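**Student:** Each chain, written out:
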Amino acid sequence: MVVLNKDNFDTEITNSKGVALVDFYADWCGPCKMLGPVLEEVEKETDAKLCKVNVDEEIDLARKFGVMSIPCLVIFKDGEQVNKSVGLKSKSEVLDLIK
Amino acid sequence: MYDVVIIGSGIAGLTSAIYSARAGHKTIVIGGPTLGGQIINTLHVENYPGYKDISGFDLINNIASQVKELGVEIVSEEAKEITSDKKVITENNTYSFKSLIIATGLENRSLGLENEKKFLGMGVSVCATCDGNFFRGRDVAIVGGGNTALEDALYLANICNKVYLIHRRNTFTAEKYYVDKVYANSKIELCLSEEVKSINGEDSLQSITLTSGRELNIDGLFVAIGKVPNSKLYENLVETDNGYIVSNEKCTTSVPYIFVAGDCRKKSVRQLVTAASDGAVAALSASKYLEREK
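Listed in order, the protein sequences are those of chains A and B. So for the first sequence, the working numbering puts the first residue at 2; every next one is plus one. So for the second sequence, the working numbering puts the first residue at 12; every next one is plus one.
One should not assume that every hint holds.
[Claimed, not checked] Calculated cross-link-like contacts (lysine-lysine; reagent style DSS-like; alpha-carbon spacing at most 30 Å): (1) B/K63 / A/K34; (2) A/K85 / B/K173; (3) A/K100 / B/K128.
[To be verified] Covered stretches of chain A (chain B as the covering partner; in silico rule of three or more C-beta atoms under 8 Å from a C-beta of chain B): (4) 22–36; (5) 66–77; (6) 86–98.
[To be verified] Across the chosen pairs, the derived CB separations fall in these ranges: (7) A/K78 / B/R281: 43 to 53 Å; (8) B/K305 / A/V4: 56 to 66 Å; (9) B/S95 / A/K92: 26 to 36 Å; (10) A/V4 / B/G148: 21 to 31 Å; (11) B/R180 / A/K100: 47 to 57 Å; (12) A/K18 / B/K91: 35 to 45 Å; (13) B/E213 / A/K100: 23 to 33 Å; (14) B/E206 / A/D97: 15 to 25 Å.
None of these hints come from the bench; they were simulated from the model. Keep in mind the model is a prediction, meaning the values are calculated, not measured. Think of the CB as a built atom: it goes at the ideal place given N, C-alpha and C, for glycine as much as any other residue.
I would like the entire structure built from these sequences, with the hints used as guidance.
**Tutor:** The following block contains the structure:
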């Protein structure tokens with residue numbers, strides 16, 4: 002997974018083509034930790050770019066995309082935010098998000 | 012056909028799985044979409060014997076791996092119904108059982124308003140310490156009058172621009188220590204003898220309307236009005252009291268083949284170790300029942 006911060010966000014997401022999934026998470030968040038292995042599984046089965054943002058380090062990025070609770074998955078298509086999903090999800094639910 | 016079906020994958024459910032498997036019973040845990048109970052949101056557990064400091068997440072994962080090593084499957088499906096002919100129905104499967112252990116725990120009490128669920132994570136929150144930081148510098152409201160609500164109001168007042176504290180009575184049940192601090196905090200505005208009438212917004216929370224008709228424009232609404240037993244599955248099946256399953260020190264219920272463990276049992280102390288203890292007792296009582304029915 003690509004680790005995003007305010008310096009590489011535009012290159013990796015905003016000015017990038019295709020579908021990207023950004024996982025907003027924190028190390029103290031139990032459900033976020035449970036989502037981790039799910040996303041690793043998803044990564045094997047998709048062409049979408051999977052990325053993550055640590056909200057404790059990048060709170061401005063989190064707020065920019067309206068993250069108000071974590072885990073929060075924000076989906077981008079050609080740099081535009083197209084979907085958002087809050088809470089723990091199963092593999093099939095995540096795959097549906099990035100279809 | 013399972014000897015023992017366990018609903019719930021918190022400490023109580025998983026401990027009962029250990030005892031049930033070790034007693035030689037064919038056992039399955041219907042754990043719900045998220046493994047673990049309320050404890051997975053706790054970063055530091057410091058009162059579970061054997062661990063000076065462990066996260067709830069790690070504790071649950073340790074116990075779950077112990078359960079799996081004993082050959083018990085934990086399925087991440089949600090139980091939808093318990094039928095009178097001894098079956099637990101999930102979205103895609105049906106599990107027949109000889110005995111059942113209910114360990115469904117507690118959930119946050121909700122206001123019961125439209126949009127409340129829809130906006131959960133989109134402005135509505137049940138955890139101020141988890142989500143508060145996303146509302147730094149904004150206006151928020153918190154509902155409740157107990158220790159949690161007032162402690163959260165003080166926490167939020169540290170990071171937010173303004174905090175409305177909404178409580179349906181004009182006195183608080185919280186300890187005086189918190190009440191005094193809340194009254195002394197200029198960032199907290201008290202809205203007493205008020206309730207939230209509606210939660211307004213399109214895709215996310217924009218405002219709330221109080222019973223007096225007053226509208227508050229806020230970005231975050233924190234609901235801290237306590238916890239209630241997760242009783243939907245069983246309330247028409249076993250004897251309950253305010254949603255808690257009426258039981259005894261053997262963790263039996265009003266139905267001979269149904270047992271209960273953990274926070275959803277009517278009892279006075281709800282701690283990790285008492286949940287674990289219930290798990291052991293419920294599994295051993297189920298085991299005795301299975302022996303008798305042989």
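**Student:** For which of the previously enumerated hints does the structure constitute a violation, in increasing order of number?
**Tutor:** 14
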